[in-house]
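**Student:** What follows is each chain in one-letter form.
There are 2 protein chains.
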Amino acid sequence: MELTTVKEALQIVLNNSEDFGIEEIDFLHSSGRILKENIVADRDFPPFNRVSMDGIAISSTAFNKGIRAFKIEGIQAAGSPQISLKNSENCIEAMTGAVLPKNTDVVIQYELLTIKNNVATVQLETLKEFQNVHLKGLDRKQHDVLIPKDTLISAAEISVFATVGKAKIKVAKQPKVIIVSTGNELVDVNQIPAEHQIRRSNVYALASLLEKLHIKAETAHIKDDKEVLTSKIKVFLTEYDVLLFSGAVSKGKFDFIPEVLAELGVEKLFHQVAQRPGKPFWFGKKQHKTVFAFPGNPISTFVSCVKYFYPWYYKSVGLEFPKSEAILAEDFYFKPSLTYFLQVKLHQENGSLFATPITGKGSGDLANLVNADAFLELPANKTNFAKGEIFPIINYR
Amino acid sequence: MELTTVKEALQIVLNNSEDFGIEEIDFLHSSGRILKENIVADRDFPPFNRVSMDGIAISSTAFNKGIRAFKIEGIQAAGSPQISLKNSENCIEAMTGAVLPKNTDVVIQYELLTIKNNVATVQLETLKEFQNVHLKGLDRKQHDVLIPKDTLISAAEISVFATVGKAKIKVAKQPKVIIVSTGNELVDVNQIPAEHQIRRSNVYALASLLEKLHIKAETAHIKDDKEVLTSKIKVFLTEYDVLLFSGAVSKGKFDFIPEVLAELGVEKLFHQVAQRPGKPFWFGKKQHKTVFAFPGNPISTFVSCVKYFYPWYYKSVGLEFPKSEAILAEDFYFKPSLTYFLQVKLHQENGSLFATPITGKGSGDLANLVNADAFLELPANKTNFAKGEIFPIINYR
Numbered sequence: 155m156e157l158t159t160v161k162e163a164l165q166i167v168l169n170n171s172e173d174f175g176i177e178e179i180d181f182l183h184s185s186g187r188i189l190k191e192n193i194v195a196d197r198d199f200p201p202f203n204r205v206s207m208d209g210i211a212i213s214s215t216a217f218n219k220g221i222r223a224f225k226i227e228g229i230q231a232a233g234s235p236q237i238s239l240k241n242s243e244n245c246i247e248a249m250t251g252a253v254l255p256k257n258t259d260v261v262i263q264y265e266l267l268t269i270k271n272n273v274a275t276v277q278l279e280t281l282k283e284f285q286n287v288h289l290k291g292l293d294r295k296q297h298d299v300l301i302p303k304d305t306l307i308s309a310a311e312i313s314v315f316a317t318v319g320k321a322k323i324k325v326a327k328q329p330k331v332i333i334v335s336t337g338n339e340l341v342d343v344n345q346i347p348a349e350h351q352i353r354r355s356n357v358y359a360l361a362s363l364l365e366k367l368h369i370k371a372e373t374a375h376i377k378d379d380k381e382v383l384t385s386k387i388k389v390f391l392t393e394y395d396v397l398l399f400s401g402a403v404s405k406g407k408f409d410f411i412p413e414v415l416a417e418l419g420v421e422k423l424f425h426q427v428a429q430r431p432g433k434p435f436w437f438g439k440k441q442h443k444t445v446f447a448f449p450g451n452p453i454s455t456f457v458s459c460v461k462y463f464y465p466w467y468y469k470s471v472g473l474e475f476p477k478s479e480a481i482l483a484e485d486f487y488f489k490p491s492l493t494y495f496l497q498v499k500l501h502q503e504n505g506s507l508f509a510t511p512i513t514g515k516g517s518g519d520l521a522n523l524v525n526a527d528a529f530l531e532l533p534a535n536k537t538n539f540a541k542g543e544i545f546p547i548i549n550y551r
Numbered sequence: 155m156e157l158t159t160v161k162e163a164l165q166i167v168l169n170n171s172e173d174f175g176i177e178e179i180d181f182l183h184s185s186g187r188i189l190k191e192n193i194v195a196d197r198d199f200p201p202f203n204r205v206s207m208d209g210i211a212i213s214s215t216a217f218n219k220g221i222r223a224f225k226i227e228g229i230q231a232a233g234s235p236q237i238s239l240k241n242s243e244n245c246i247e248a249m250t251g252a253v254l255p256k257n258t259d260v261v262i263q264y265e266l267l268t269i270k271n272n273v274a275t276v277q278l279e280t281l282k283e284f285q286n287v288h289l290k291g292l293d294r295k296q297h298d299v300l301i302p303k304d305t306l307i308s309a310a311e312i313s314v315f316a317t318v319g320k321a322k323i324k325v326a327k328q329p330k331v332i333i334v335s336t337g338n339e340l341v342d343v344n345q346i347p348a349e350h351q352i353r354r355s356n357v358y359a360l361a362s363l364l365e366k367l368h369i370k371a372e373t374a375h376i377k378d379d380k381e382v383l384t385s386k387i388k389v390f391l392t393e394y395d396v397l398l399f400s401g402a403v404s405k406g407k408f409d410f411i412p413e414v415l416a417e418l419g420v421e422k423l424f425h426q427v428a429q430r431p432g433k434p435f436w437f438g439k440k441q442h443k444t445v446f447a448f449p450g451n452p453i454s455t456f457v458s459c460v461k462y463f464y465p466w467y468y469k470s471v472g473l474e475f476p477k478s479e480a481i482l483a484e485d486f487y488f489k490p491s492l493t494y495f496l497q498v499k500l501h502q503e504n505g506s507l508f509a510t511p512i513t514g515k516g517s518g519d520l521a522n523l524v525n526a527d528a529f530l531e532l533p534a535n536k537t538n539f540a541k542g543e544i545f546p547i548i549n550y551r
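Top line first, the protein sequences correspond to chains G and S. Sequential numbering of the first sequence, starting at 155, is according to the working numbering. Sequential numbering of the second sequence, starting at 155, is according to the working numbering.
These are calculated hints, taken from the structure and not from any lab test. Treat the hints with care, as some may be off.
Because identical chains share one entry, a pair is satisfied inside a single copy or across any pair of copies.
To be verified - With a straight-line Cα cutoff of 30 Å, these simulated DSBU-like cross-link-like pairs (lysine-lysine) come out:
1) K499 - K303
2) K469 - K380
3) K386 - K256
4) K327 - K366
5) K515 - K443
6) K541 - K327
7) K282 - K295
8) K366 - K330
9) K282 - K407
10) K219 - K422
11) K405 - K256
12) K489 - K324
13) K324 - K240
14) K407 - K541
15) K366 - K322
16) K366 - K477
17) K499 - K330
18) K270 - K433
19) K219 - K405
20) K388 - K405
21) K240 - K322
22) K377 - K541
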């Protein structure tokens, strides 16, 4: 069977992204979601001429006439309606965040004042225009777009939602995902495996990788029984947008997944990718349902998820998948003509990112994942990879 | 007043970290938490001689005697108890993940076989020792530490917890945090502010920054009234481990926080840091209670949280705070003798991280946070910062 290259496989996956629509959620719980509306300024920012240092507000005209001692007429507190300076040669104490009092145009900070008997005296030669005043509309104008649609939301965006009064915001709806393991050798986490059994772990790794994308996936396990697989997957195809499988896609006698999917009308878009680990990866579609059938080895499932599912999800919700590169810190040799996802430990030095190989014992060596941070993607058409060369990196932490 | 340097301030903050103890949680919901026990292998990995390719299991002795056609005796499926090869010149079909059948020591993959009339024929000259067999204990031995205490948990660790049957794991308990805004100018998100008012946003920015650390903080707002502040903060000091304030720490007439905290017996460890933004930052302790009183300007609060609270939290839960650096992409000039937290946009090129200044309109320009990604920390003892120079970076995305 002809292997699909990694580049082709990724392109096919991306060409099959899906739009899951839009929902409205509470702004405070939107971190990590993707904004699906433009956020505009509901008023100017600042919305008024805003005092930006604690001190006295005066008229610069009085100052320029030579006046240096100002009788205090009152206080302009933050959160109080604007008051007015009555005598242009007096001053008003004004607090950070307050509206600049009417008939004043500069604020002199307390650090430059002495106050005695309700008179503030300054020693300055000159003033800057609008000193310590943050002018209305200087930052942003009413109706300006503050955050464009298709932005990944973080704390910064959340504070802007609050400022413009967007208690509810429109975000990309998440796909409904089920993660399915197969394999009669698997028992659950709280069970003691017999000699020939092991515990399920891939579904939890996948669930956790999806949680990083704020997708709450469900999980299921099905024994290697063709009839049971068929009837269950049939239901999953109606109830979920995305099915992620782990295992049963290779050449074994009980690797029923490709056959069952075909019988259920899921179109195979590729099977077998020129990569290590993860060669038996199967990908297909049935109308708007997307099926990623990853090989069952732990590292294969893990790398396939971050290499293919992550960019597919980003494309689906309208985001560019962030590309990153790292510098190989040691020479490395890999002969087969396959793209090799090398496990590496990352460290940063002088603004550059270095990747040190942590090869482990192959695709079954789950524990090695915790010793590494990322996969360095080494191209198929090379055998010798030299220290200092730069390759794409997928950081899974 | 003498300003505390950024370095001194950070050191004081770190010297005042706190241990919040340990709790046991469900392994599947532990991503982002800090492991507080060693995770050890409950058995060898793999736990048995494991077939790693689908094919036939044979005895290499037979092969070395010249035999190339093997009658199929049976199938060893994954998840079935180990069976035995009865006639050493026959074979057993063996599936990936299965126990290697007794009396066999190599597996020849289906790709190298032809099977006809229940006889598998191979064309090979030689075999590798234990070909396609993942030997018991090769990856890890029983009782090996797979994950050490004080590890930040991600999907990789979660899959290892599952494998060794740790359904419950011990993690660092989170501090109980309340985030308090002050300021009479503030109204809530769902209200329409009057001309002289603005909406609360800092508490939500802080809540979201803490959510990134998996801390669920509570929020409160108190008007600028000394009596109310005193009675409420008194209660907070009994009910929470950490109090984060935003505002009322500068020189204004209604900046009651330092005074109120002193009256309530919170010891001031520093007030005023030689930094911009965030100069009025106040930090103190009362026994095991920690108080961060950040200045009220949005950018000041934001940068103080990531620069001081984040490393304090990491230290408290037993983690090293990850240090990162970026390369300044443009010349920059800053005169005051203060550490300047320059807002920057990051991009990566050839494995190196570059920071482009996005200065905005000062510490009140909240909307600028969404245009940038990070703060580049420019030292106080310099004025001219040249393109290509490397400085510490705090990425808040």
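**Student:** Tell me the hint numbers this structure goes against, listed in increasing order.
**Tutor:** 2, 3, 5, 6, 10, 12, 13, 14, 17, 21 and 22
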